[in-house]
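*Asks:* Sequence:
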Amino acid sequence: MSTEPGPEGHDPYLAFRIPTYRVFAASYILAVIGSQILATAVQWDIYALTKSKLSLAWIGATNAIPLIALSLPAGHVVDVMPRRKILLITQVILIAVPWGMAIAVHYATDRERVPLLYVLSALNAITLTFARPARVALLPNLIPRSAFANAFTWNSSLYETSSWVGPAIAGFLLTLGVEWAYWASGLCVLFCLGLTLKLPSPPASVSARTASWQSLVAGVRFVWRSELLLAALSLDLLAVLLGGAVYLLPVFAQERLFVSGLGYGFLRAAPALGAAMMAVFQAHYPSRRRVGRRMLWAVAGFGAATIVFGLSTSYWLSLAMLVLVGAFDNVSVVVRHTLVQSLTPDSMRGRVSAVNQVFIGASNELGGVESGLTAHWFGPVLSVVLGGLGTIGIVLGVAYKAPRLRRLQSLYDLEPEPEEPEAERSTSAGGISSS
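Residues in the sequence shown are numbered consecutively from 1490, following this note's numbering.
Hints are computed from structural coordinates only; laboratory data are not their basis. Cβ atoms here follow ideal geometry from the backbone N, Cα and C, with glycine treated the same way. It is possible that some hints are incorrect.
[What the hints assert, rightly or not] Using C-beta positions, here's what the derived DEER-type ranges look like:
| hint | residue 1 | residue 2 | range |
| --- | --- | --- | --- |
| 1 | Phe1661 | Glu1601 | 46 to 56 Å |
| 2 | Arg1745 | Glu1601 | 44 to 54 Å |
| 3 | Ile1557 | Arg1745 | 24 to 34 Å |
| 4 | Glu1601 | Arg1779 | 53 to 63 Å |
Use the sequences and the hints to build the structure in full.
*Replies:* So, in structure tokens, the structure goes:
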């Protein structure tokens, strides 16, 4: 990552000089902390109850299936309904889910709690499928276009900072009892809801209309036609799908590194800590040139650090490698989020953000399924090492197949790409044309 200063006149705190962004940022921090506390606690709880690596794979599947099935309809809803209203509705549910898990700790047996954890995790995943694109699509309505790159860089920093604070808090609370983590998760979202009420409520970006198949898949077609978006999203999907080790951290913590819930919490927090440090660095020293090449090198570094983590038997080396994993990943995250918002017209943001969510969610959650299954079959070490090698292979493939991403220079001169031309849209809606 370059240490050159930003473009002339660059203000690293531009977004924070906008009052609505400050409120948005505070609500975002609380939402992510609450979500991370919950994810950390559920994975630890499930593995402690079952001692089965497959149970971690099923948690990944429970999170992935609603995301993949509902993201396109969710994107349509985000484009035709007020985005703040969607956030408020979903936040009520995101409070109820962890508090339901906390109540179950006291009133259900261990055998009864396992299926209940799966059901409530699925409800949580369904709700997040609507909440995440609504939040992402709302932000550009609150700030000027000139602040987009800075805001999304800081968003990445806020996300990653919250993502290490959340697991660290969860690790401490797990030493007191898993129910404490569940109560804390819901409380964070409750405060988040209070801040969301203070945000303005822009009208829906397009008029309400029937959720036709054509409308639902418009975001997919838009991404498919954009070489930059498709390459960046595919790189993230495949690299994290193969190289992600987060779902196996309870196994490494308990069976390879022999640490307590607190040590596990720090392991879970380490990637986000590295990502937060990299995000702050990028906010002050944004890349002015060779952005695409830096992204590819960073994802390769992600794979290499994953391999070392898989082989390590030292807690501190493992912790350091996870910090590097997060730092390298953040380079890709900033580029991807900026591309999605800068290249997408406002009327398409909900649907394109939903497609982005499918790519992100599929990589994270299906990566959990892949990790759990391969760890069950081959052991956790081989699962992680092969995943890291696969990530490096993906980088080589994308670098060869996507020259426009490889040659991308700057994120500061991007303009929205045109929506699908009417003639092309009519052709796609009319089926196979005669020849």
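*Asks:* Tell me, in ascending order, the numbers of any earlier hints that this structure violates.
*Replies:* 1 and 2
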